[in-house]
Amino acid sequence: MDLPTFWFLLIAVLWLGYFFLEGFDFGVGMLLGLGTKDERERRVLINTIGPIWDGNEVWVIVAIGATFAAFPDWYASLLSGAYLPVLFVLLALIGRGVAFEYRGKVDSARWRRNWDRVIAIGSWVPPLGWGFIITATVTGLPIDINGDLRGGPIDLIRPETVLGALALAGFSLLHGAVFLALKTDGDIRWRMQRFATRYGALLLLPGAGLLWSVQIGQGSTWTAAVAGIATLASVAALLLVRRGQVGRSFALLGVMLASVLVVLFGSLYPNVMPSTIDPLFDLTVAGAASSPYTLTVMSWVAAFGTPAVLLYQGWTYWVFRRRISTAQIPPVRVP
Amino acid sequence: MEILDVARWQFGITTVYHFLMVPLTIGLALLVAIMQTIWHRTGDPKYLAMTKFWGKLMLINFAMGVVTGIVQEFQFGMNWSAYSRFVGDVFGAPLAMEGLVAFFVESTFLGLWIFGWDRVSKRVHLASIWAAALATVASAYFILAANSWMQHPVGVEIGPDGDPQLNSIWALLTNSTVLAAFPHTLAGSLAVAGTVLIGISAWHLARRHRHSPVDDPDRQVWHTSLRFGGWVGVAAFAAVAVSGDFQAKLMFDQQPMKMAAAEALCESEEPAGFSIFAIGDLSDPHCGNVSSVTVPALLSFLAEGDFESEVQGIEELVPAYQEKYGSHYPVDERLGELSGMPIDYVPSLPVTYWGFRLMIGFGVVAALGAAAGLWLTRGGRLPKGRWFAPVALASIATPFLANSFGWIFTEMGRQPFVVVPNPTGVDGVFMYTASAVSPGVSLGEALFSLVALTLVYAALAVVELFLLIKYARAGVEGVMRPPWQDPPADSDEGSTEPEKKDPDVLAFAY
Numbered sequence: 001m002d003l004p005t006f007w008f009l010l011i012a013v014l015w016l017g018y019f020f021l022e023g024f025d026f027g028v029g030m031l032l033g034l035g036t037k038d039e040r041e042r043r044v045l046i047n048t049i050g051p052i053w054d055g056n057e058v059w060v061i062v063a064i065g066a067t068f069a070a071f072p073d074w075y076a077s078l079l080s081g082a083y084l085p086v087l088f089v090l091l092a093l094i095g096r097g098v099a100f101e102y103r104g105k106v107d108s109a110r111w112r113r114n115w116d117r118v119i120a121i122g123s124w125v126p127p128l129g130w131g132f133i134i135t136a137t138v139t140g141l142p143i144d145i146n147g148d149l150r151g152g153p154i155d156l157i158r159p160e161t162v163l164g165a166l167a168l169a170g171f172s173l174l175h176g177a178v179f180l181a182l183k184t185d186g187d188i189r190w191r192m193q194r195f196a197t198r199y200g201a202l203l204l205l206p207g208a209g210l211l212w213s214v215q216i217g218q219g220s221t222w223t224a225a226v227a228g229i230a231t232l233a234s235v236a237a238l239l240l241v242r243r244g245q246v247g248r249s250f251a252l253l254g255v256m257l258a259s260v261l262v263v264l265f266g267s268l269y270p271n272v273m274p275s276t277i278d279p280l281f282d283l284t285v286a287g288a289a290s291s292p293y294t295l296t297v298m299s300w301v302a303a304f305g306t307p308a309v310l311l312y313q314g315w316t317y318w319v320f321r322r323r324i325s326t327a328q329i330p331p332v333r334v335p
Numbered sequence: 336m337e338i339l340d341v342a343r344w345q346f347g348i349t350t351v352y353h354f355l356m357v358p359l360t361i362g363l364a365l366l367v368a369i370m371q372t373i374w375h376r377t378g379d380p381k382y383l384a385m386t387k388f389w390g391k392l393m394l395i396n397f398a399m400g401v402v403t404g405i406v407q408e409f410q411f412g413m414n415w416s417a418y419s420r421f422v423g424d425v426f427g428a429p430l431a432m433e434g435l436v437a438f439f440v441e442s443t444f445l446g447l448w449i450f451g452w453d454r455v456s457k458r459v460h461l462a463s464i465w466a467a468a469l470a471t472v473a474s475a476y477f478i479l480a481a482n483s484w485m486q487h488p489v490g491v492e493i494g495p496d497g498d499p500q501l502n503s504i505w506a507l508l509t510n511s512t513v514l515a516a517f518p519h520t521l522a523g524s525l526a527v528a529g530t531v532l533i534g535i536s537a538w539h540l541a542r543r544h545r546h547s548p549v550d551d552p553d554r555q556v557w558h559t560s561l562r563f564g565g566w567v568g569v570a571a572f573a574a575v576a577v578s579g580d581f582q583a584k585l586m587f588d589q590q591p592m593k594m595a596a597a598e599a600l601c602e603s604e605e606p607a608g609f610s611i612f613a614i615g616d617l618s619d620p621h622c623g624n625v626s627s628v629t630v631p632a633l634l635s636f637l638a639e640g641d642f643e644s645e646v647q648g649i650e651e652l653v654p655a656y657q658e659k660y661g662s663h664y665p666v667d668e669r670l671g672e673l674s675g676m677p678i679d680y681v682p683s684l685p686v687t688y689w690g691f692r693l694m695i696g697f698g699v700v701a702a703l704g705a706a707a708g709l710w711l712t713r714g715g716r717l718p719k720g721r722w723f724a725p726v727a728l729a730s731i732a733t734p735f736l737a738n739s740f741g742w743i744f745t746e747m748g749r750q751p752f753v754v755v756p757n758p759t760g761v762d763g764v765f766m767y768t769a770s771a772v773s774p775g776v777s778l779g780e781a782l783f784s785l786v787a788l789t790l791v792y793a794a795l796a797v798v799e800l801f802l803l804i805k806y807a808r809a810g811v812e813g814v815m816r817p818p819w820q821d822p823p824a825d826s827d828e829g830s831t832e833p834e835k836k837d838p839d840v841l842a843f844a845y
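Residue numbers (the numbering used here), protein chains in the order written: chain P, 1 to 335; chain G, 336 to 845.
Simulated from the structure, these hints should not be mistaken for laboratory data. In this text, all values refer to a predicted model and were calculated from it rather than measured experimentally. A few of these clues could be false.
[What the hints assert, rightly or not] Now the in silico label distances, taken between C-beta atoms and shown as ranges:
hint : chain 1 : residue 1 : chain 2 : residue 2 : range
1    : P       : Ser299    : G       : Gly714    : 51 to 61 Å
2    : P       : Ser299    : G       : Ala732    : 41 to 51 Å
3    : P       : Trp212    : G       : Gly494    : 20 to 30 Å
4    : P       : Ser108    : G       : Ala506    : 34 to 44 Å
5    : G       : Gly671    : P       : Val332    : 50 to 60 Å
6    : P       : Ile145    : G       : Gly671    : 14 to 24 Å
7    : G       : Ala506    : P       : Ala308    : 21 to 31 Å
Think of the CB as a built atom: it goes at the ideal place given N, C-alpha and C, for glycine as much as any other residue.
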């Protein structure tokens, strides 16, 4: 495998890590507004992801940074081309990041309600936005020979990109509910399990649509096989959550997500971003890549960095593995 | 208004705003790690109280530093896509390293530190604050390496498509510019943290402990914090001065125009005097009407380390730049009204001249404040006069201002370049700011994002300041339950919180 292809794969893996990890903590943020009864329950939800959400978010920072280093043309075309969606995601992430930290710092119902709104918006917008943006890079943007967007932001709105937005939001919501069924105890745990059982199929529907449309439009025989795996994994995940085997369901949702991303990025290769104006303007893996020297240096950094990250992040998940319920939440204490 | 102006305003606002949070985070994280280490070694509850109190302020501020930093990484692609395409092969590498090597460690171990008080051993807990603190330092290094490359491109050759290509990552990471900028910035960050310690401690001492006995535990916390901040401040300012001098000498070689502008030095002088302040019309691009109050020959010393050398002035540098890098912008519709126009190689004189002076001036004021704080609290004493606390509180602003003006000076001083040509480097490795903006982005989009981000920043600045003041005023009782000063004999730290007695209740929860 040549270096640009390796980096294309690595960036896909970084997105996978991001959607898997932050996927469930976005879901928890969405459920904060949907699935809680009182303040104590909301605090339970926030504390299930308290120690880890910030580490999860770094996956996207590294995915974008790695794109800058390995495929500058892709980075430049995607971020300037999807300018407004990227901006909305950034604004949402700004609000969400401070909301977790600031929400409990003042003991006032109004204060907390406002920050809960920020968390909810900050948890809905990024998966919608990223789903939109990633689908746009897979299915193409109206870019000219220099990689610059022709037309306006309206040209980005197409059936596939909208489907992509809904797909990632739906996945995140389900993933969050299953995660909470795994991480909480008491009433919330059963409620989340019920939620996942009842709405799981509905939440995965846009993802199925996206998979189907990409497979029809750009897929090949082998991506069809992977799409089959995705379908099987999602069916199994839904059945298992119904039977209360939440841990396995959570893992299978990961398998499903991975298969979907393999189909998306697999049908994208050897492009990194097709042009909807003219195939001649497609950005390709080979054409958009950095020099062999830069890729070699970065490969060494990744070779040592990535396993280390997996090790210590995995370890923190182990440290905070206990289930949390309303009984463990200490009273509010602010100056 | 052109998209170039909007993109520059957005970059400037985002960077300066981000750099209000970052130095405080870097400085406080290191100081909190040291405090916790002392507590770990001595078991003195005073240091636990300090760790928790200053740690809380660090966390309130950290959240803002993180979220404003995300924008930085994205705006190169959003607003400066032409720049990203031109330099991506070089500039992306340190950015990706910052993420992979620093941000992951920082966020993961900070999460472990915040929530881990009762979940990991004391030793691991201490190690996690050090991991997070050192990662903030590493992150500063990588981002400064990226910035330094824009100030002084090294380690590159011209690739087949005419863009610079990295040929030595080692050269990039050991760029003389970053070797000077890194200690300067790190010391600036510690100066910020030191001044914050002094200001808040002085306020608590003045408000509560005018008549407290010397052994009052709360008085001891603030007295120790103040002296700790004082020593850090004084040492940091010495390091700022030394590294700044080193940096200035490099800049006379690497970016002579920036230093000539910083001095409003029109004609070359031999020896050259250092301008204290200037009278006249600085906005005149050729500074003909400016007269300065100067210290004779000091500028020659700053530039070359002796009192005789010639320092080049603007009038001599402009033709040299024109000859080397061209006198007119290329004719290109993307450059808008600048297309085909003559290139103005002189950066904004009022901004660079006063930016440089305000950076140094505010730094000196802050240094004097730290020294005064140390002198007034020597031997367990408290400052007698009522003026000390308000002055110390107000002086918290000075190192922040010095840092901001430093960045404004260094970034505005390199205009009209975004990548400044290296006088001894490869020809053709430079870029005009005007050619760096995204061609595919509309003015409306850029304006919208400028307004949206600025409004969000403004709102969050109010919230952060409100919370910082609230928790700073509350003191140790705001983060620990009294009587924090004497924990039960059989306990580790966590038991200073009575909730801990129930093993099921989380020691820390949002």
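Going down the list of hints, with the structure as the test:
About 58 Å separates the C-beta atoms of serine 299(P) and glycine 714(G), a value consistent with the hinted range of 51 to 61 Å. In this structure the supplied range 41 to 51 Å holds for serine 299(P) paired with alanine 732(G), their Cβ-Cβ distance being about 46 Å. Between tryptophan 212(P) and glycine 494(G), the C-beta spacing of about 42 Å breaks the proposed range 20 to 30 Å. The hinted window of 34 to 44 Å between serine 108(P) and alanine 506(G) is violated, with their beta carbons roughly 55 Å apart.
Checked against the given bound of 50 to 60 Å, the beta carbons of glycine 671(G) and valine 332(P), roughly 55 Å apart, stay inside it. Between isoleucine 145(P) and glycine 671(G) the C-beta distance comes to about 21 Å, which sits within the given range of 14 to 24 Å. At roughly 26 Å, the beta-carbon separation of alanine 506(G) and alanine 308(P) lies within the given 21 to 31 Å, and the hint holds.
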